[in-house]
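Student: Take these sequences, add in the hints, and give me the full structure.
Here this note's numbering is used: the first residue of the sequence shown is 1, the next is one more, and so on.
Calculated directly from the structure, the hints in this document are not laboratory data. Treat the hints with caution; some may be incorrect.
In the DSS-like style, the derived pairs of lysine-lysine whose C-alpha atoms are separated by at most 25 Å in a straight line are [what the hints assert, rightly or not]:
1. K462 <-> K152
2. K261 <-> K156
3. K255 <-> K462
The structure displayed is predicted, hence computed values, not measured ones.
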Amino acid sequence: MSTNTTPRELHGKRLFGYSLGDLGFTLPNMFTEVFIFQYYVYTINLNALLVSIGVTAQLLFGAIAAIIFGVIIDNKKPGKLGKRRPFLLLSLPVWCITTIVIWFPPLCPQDNSLYLPTAFFFWGMMMVRSIFRALILNVYNSMLPEQSQTLKNREKVASLRSAFSILASVIAMFLPLFVHSLLSDPSNVKWWEPSGEIMLLYIPLVGIIFTAFGLITVIIIYISVDESFHNTDSNLKYQKTKITETFKRMSIPAKDRNFLKLILAGFFIWVSGKIVALLVFPFQTYLLQFQSSEFFIYILISIFGKFGWFFIWKKILKRNNIVNSYSICILLAVITSFIDIFYLLSGLPYGIKLVLYIVSWSTVLGSMYAYPLFSIPIMASLVHEAAENDKVSNIDESMAKISGSYYGLESFVRSMGPAFASLLVGSILSGPNEENPYVIIFLFISLGVFYLIAFVFVKRIKLSKDSYYSKQII
Numbered sequence: 001m002s003t004n005t006t007p008r009e010l011h012g013k014r015l016f017g018y019s020l021g022d023l024g025f026t027l028p029n030m031f032t033e034v035f036i037f038q039y040y041v042y043t044i045n046l047n048a049l050l051v052s053i054g055v056t057a058q059l060l061f062g063a064i065a066a067i068i069f070g071v072i073i074d075n076k077k078p079g080k081l082g083k084r085r086p087f088l089l090l091s092l093p094v095w096c097i098t099t100i101v102i103w104f105p106p107l108c109p110q111d112n113s114l115y116l117p118t119a120f121f122f123w124g125m126m127m128v129r130s131i132f133r134a135l136i137l138n139v140y141n142s143m144l145p146e147q148s149q150t151l152k153n154r155e156k157v158a159s160l161r162s163a164f165s166i167l168a169s170v171i172a173m174f175l176p177l178f179v180h181s182l183l184s185d186p187s188n189v190k191w192w193e194p195s196g197e198i199m200l201l202y203i204p205l206v207g208i209i210f211t212a213f214g215l216i217t218v219i220i221i222y223i224s225v226d227e228s229f230h231n232t233d234s235n236l237k238y239q240k241t242k243i244t245e246t247f248k249r250m251s252i253p254a255k256d257r258n259f260l261k262l263i264l265a266g267f268f269i270w271v272s273g274k275i276v277a278l279l280v281f282p283f284q285t286y287l288l289q290f291q292s293s294e295f296f297i298y299i300l301i302s303i304f305g306k307f308g309w310f311f312i313w314k315k316i317l318k319r320n321n322i323v324n325s326y327s328i329c330i331l332l333a334v335i336t337s338f339i340d341i342f343y344l345l346s347g348l349p350y351g352i353k354l355v356l357y358i359v360s361w362s363t364v365l366g367s368m369y370a371y372p373l374f375s376i377p378i379m380a381s382l383v384h385e386a387a388e389n390d391k392v393s394n395i396d397e398s399m400a401k402i403s404g405s406y407y408g409l410e411s412f413v414r415s416m417g418p419a420f421a422s423l424l425v426g427s428i429l430s431g432p433n434e435e436n437p438y439v440i441i442f443l444f445i446s447l448g449v450f451y452l453i454a455f456v457f458v459k460r461i462k463l464s465k466d467s468y469y470s471k472q473i474i
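Tutor: Listed below in structure tokens is the structure:
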């Protein structure tokens with residue numbers, strides 16, 4: 001086993017500054033991922049299938065870019081500014097510009113939802129944005145195994161990052177829902193209608209505000225991360241890998257069976273997560289037929305469901321095996337996804353519908369936002385364990401060589417989940433199905449199937465006998 005110096009940890013301002021990324025990144029990214037489909041289909045009047053093609057293409061481009069960037073970052077020789085963090089500033093300008101400009105497309109004519117100028121604009125902005133977004137996220141995630149090298153500290157980082165992610169998801173949805181509450185007719189929001197004019201005014205403004213906060217956050221992360229250890233350790237050696245060898249290097253994490261099970265589970269979890277994101281507004285508008293202040297019910301569900309389950313799972317995680325806890329968390333989402341089948345009953349009273357909505361959505365959202373509590377420390381530990389098993393003299397050298405490959409492959413597989421979900425939802429909701437409540441119900445119920453597959457993969461993860469998590473009380 002390779003040797004290492006005193007394990008590094010994130011504490012105080014550095015812990016807060018690094019973890020803040022899950023607030024700053026999530027705000028503009030979640031707002032875009034959740035609302036871009038709603039905005040382009042129901043306001044800009046672009047066909048749902050064309051929108052889903054753009055979303056899928058940008059996910060594919062981002063996934064491939066993440067792998068390439070992972071190797072490029074691993075290859076970089078550390079300089080005065082560090083090894084990974086300079087890439088944060090490199091990607092920041094283009095990411096900010098495209099994240100703002102995407103909310104100002106050419107409008108589709110009233111009688112032509114297949115208007116190609118709008119489609120090409122949307123596809124172009126999404127793909128360029130995805131490339132630079134992938135660079136930022138790859139740098140941010142691949143820093144963790146180097147910055148936090150003890151399991152307890154990784155749990156601390158995961159906990160704070162999860163809390164920030166939940167807070168960001170609430171804020172990211174609050175402002176669009178507030179805009180929806182101002183609409184006189186939430187079910188008719190095309191750009192030529194009175195409600196659509198309000199959407200065109202306020203939604204881009206929200207996008208600008210969230211992107212500005214994301215910009216500030218990236219700068220804070222850059223300041224908070226210390227990569228001086230790359231220069232102070234004279235024993236570290238860095239071997240460059242050609243871009244043509246990028247996908248060959250993916251074989252390293254792909255051969256790690258536990259890692260493979262973890263990212264395959266993540267694929268189906270992200271399929272489900274993307275379906276949830278795409279159904280937030282159609283579910284409320286066309287199934288439950290919410291008006292004005294009723295849209296804020298989702299905010300209450302989001303706050304109490306996400307934070308409530310977050311603290312429950314944190315409590316459970318302290319006393320139970322992490323893999324078992326992760327499995328139970330997913331299984332709970334499976335069960336609550338299936339209960340929405342009762343919406344298919346005719347004549348169901350509004351009160352019962354509302355109770356089903358609160359129970360199913362609060363539990364699904366609560367479970368979904370608790371996943372980082374389990375996946376982040378498991379992922380970082382698997383990377384660390386792989387570095388320890390490598391036949392080199394210094395663990396930092398080994399980790400610098402493989403971290404980008406591990407997180408690049410994870411990012412690629414994770415992106416494939418939303419890509420698949422976008423095509424699925426876009427093709428099903430296209431045309432007359434855009435406002436069909438029964439189609440929306442079946443899409444939500446499908447979450448249970450995808451979560452069930454993820455549950456099977458997680459249950460099969462076997463951690464090393466020497467792992468801290470294997471020694472936890474069951």
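Student: Hints first: check each against the structure and report whether it holds.
Tutor: To see whether the hints hold, each was checked on the structure:
Among the hinted pairs, K462 with K152 is consistent with the structure: their alpha-carbon atoms are about 20 Å apart, no more than 25 Å. For the proposed pair K261 and K156, the alpha carbon gap of about 24 Å is at most 25 Å, so the pair holds. For the proposed pair K255 and K462, the alpha carbon gap of about 14 Å is at most 25 Å, so the pair holds.
Going through the hint list in order, the structure satisfies each hint without exception.
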